[in-house]
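*Asks:* Chain L is already provided as a structure; the job is to place chain X on it using the hints.
Chains L and X are the protein sequences, given in the same order. Throughout the first sequence, residue numbering follows my numbering, covering 1 to 384 in sequence. Throughout the second sequence, residue numbering follows my numbering, covering 1001 to 1250 in sequence.
What the hints contain is simulated information worked out from the structure, not anything from laboratory work. Mixed in with the good hints there might be a few duds.
As the list claims (entries may be wrong) - Below are the DSSO-like pairs computed for lysine-lysine, each with C-alpha atoms no more than 27 Å apart in a straight line:
#, chain 1, residue 1, chain 2, residue 2
1, L, K28, L, K39
2, L, K230, L, K274
3, L, K28, X, K1183
4, L, K28, X, K1073
5, L, K231, L, K277
6, L, K262, L, K277
7, X, K1243, L, K28
8, L, K39, X, K1183
9, L, K28, X, K1180
10, X, K1180, L, K39
11, L, K308, L, K231
Given the structure is predicted, the values throughout are model-derived calculations rather than measurements.
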Amino acid sequence: MSRVARLGAFIVMTLAILAAGVFIIGSKEYLFSSTYQVKALFDNVAGLDTGADVRVGGVHSGTVQSIALPHNPGEKVTVVMDLDNSTHEIIKHDSVASIETEGVLGSQFVALSFGSAGQGEVRNGETIQSEPPLQMADLLKKTSGILDNSQLAIQNTVQATAHLNDVSAKIDSGQGTVGALVNDKQLYSNLQQTTATLHETMLQAQTGVTDFQENMEALKHNFFLSGYFKKRGYEDSAGLAANKIAALPQGTPLKTFTYTAKQLFDSRDTAKLKNQKSLNDGGNYLAQNPFGVAVIVVSAGMEGDAQKDLVLTEARAMVVREYLVENFGFDDSQLKTLGLGKQAGANLDADWGSVQLLVFPAGTVIPADKPAPAAITSTPAVPF
Amino acid sequence: MTNGFFEWFGELGIFSWNVLKAGLTPPYEWRELVRQLDEVGSRSLPLVAAAGAAIGVVISMEARYSLTRFGAKSMFPTTLVYSVIQVMGPIMTGLIVSGRVGAGIGAELASMKVTEQIDAVEASAINPYRLLAATRILACILMLPLLTLAADASGLLMGWFAQAMVEPLSFHQFIASGFKGAKLSDFLPPTFKTAVYGLIIGLIACFQGMRTRGGAEGVGRAATNSVVLASLFVILADVVLVKFILVVFP
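Pulled out of the complex, with its shape left as it was, chain L reads as follows (with noise of 0.2 Å):
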């Protein structure tokens, strides 16, 4: 290779690596691509510095051309931002510029938001809005603050622990009712006598409500009270709610049959029925035709206390499903009752109130019982 040829090739190839180095250098500073300038005031801006990047949408999209001061003190820190050109698109009258650090230590850059759709495109040297820098100082203030109350929190908790110390210390010794309490054997035995004599007697009473009902039962059929059971058209309360539905199914009834009280009962405040007879339209239809459930729904007229209606329109009901099952062959768990009382408007007679069986499909989900009013039950003993 001839001395010039050497020479030459040496020449180009360092030309080459400065020509790279440039290239490399000038693409980060945007001196090869088309940029415009954006303005940001801030009042600090947090040791930013000249040839920082500048982040749109997290992408780096430009660099801090220049930071200058301000000439008079109640003016800003300006922020000369270089950005791409293709960032006019995002770049709105509305865009923040805001200066945040890369992790806790690392350099400071200039984040622009976008702008919304409807706003006007940044022209070349306008100012657009910024927000102020969260800076590390404010940061570790606020955390010493939190501190601090952290320190009081725990100072609390730790004369607290030693009161609650102090306490159980007290009551351990048997100092005080609740240390006495706490250390009195014979108090413990006291109350394990007591308990044991208060389960005897609850054994006794149990028997004793037992009797009772059976004594009610004979007087039922006593010939002194029988006539005003019978005159009631049932004798046993508590199989009013047993069959008692909350609300409706859902849905519609497949067939409806509807009675007025006054062709089905004695008068105009019993239970007793009259002409049964009349129910057996819908007792053939339930025992011929398959379905889901059937609910006879029984309301009182308007006339009378509320609360003995909804009483007397339970017990019809409950007379009216007994007739029915006892009566014709089907699943009775699928008829259920339901008295609502005192109804305006709906009742054919405005007096005597109306009986009406309802009839759904199959599939018809049957309702939740109505709960039953609280009744005493037997609690086990309690060991001691």
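*Replies:* Positioned in the frame of chain L, the structure of chain X alone reads:
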């Protein structure tokens, strides 16, 4: 002693003036210039590239260790790029060339001087300042920035290679994060300030060579002085140049 010190500077001034006067006026010694460009430039390339590679590897290893200690490992590419292109590449090229070219020029001119070849050149109506000094000094000025670029490139390449041996780092990623936030003022002034080193090296070596007195001993002294003084002035000039660049290219 003090007298000699100032005398040296005085003679250097007169010498510079003579070279400037001779170099700027035609006829120009193109053939000799090309010969010197080749001597200073292409022939120094292997040495400079090897030294640059070594520096790149050393900085790579040292920087990785210290940066990891400070938890700033992500700054590694930037650290390497900045150290190489701003400090190590230029100064190292300056010192290597002072050693190689400074000694070469000093010894060559000194032996020409003591064997009275320079007088012979002058007697044949050729200005020795133009033929011998101006061409060498210009070659140094022109070639040093190019050698610096070669040193930078080989330093960065080997620095990256040394890092990639330890943990994977793509060259693209290395360049992208290494030059992040870099400006042309971080790259071009440190590179082209080495033209000043070239001026210093060429000037001092030619001056020391052409003022040699005495025989073989004088030649040796001239070569040594060329290297020592050129290296010293390169480093001293760097102090001023770095400050100057920081002020002029903020």
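*Asks:* Against this structure, judge whether each hint is valid.
*Replies:* Against the structure, the hints:
no.	hint	result
1	K28/L - K39/L	20 Å, holds
2	K230/L - K274/L	12 Å, holds
3	K28/L - K1183/X	8 Å, holds
4	K28/L - K1073/X	22 Å, holds
5	K231/L - K277/L	19 Å, holds
6	K262/L - K277/L	14 Å, holds
7	K1243/X - K28/L	25 Å, holds
8	K39/L - K1183/X	20 Å, holds
9	K28/L - K1180/X	7 Å, holds
10	K1180/X - K39/L	22 Å, holds
11	K308/L - K231/L	16 Å, holds
Checked against the numbered hints above, the structure breaks none of them.
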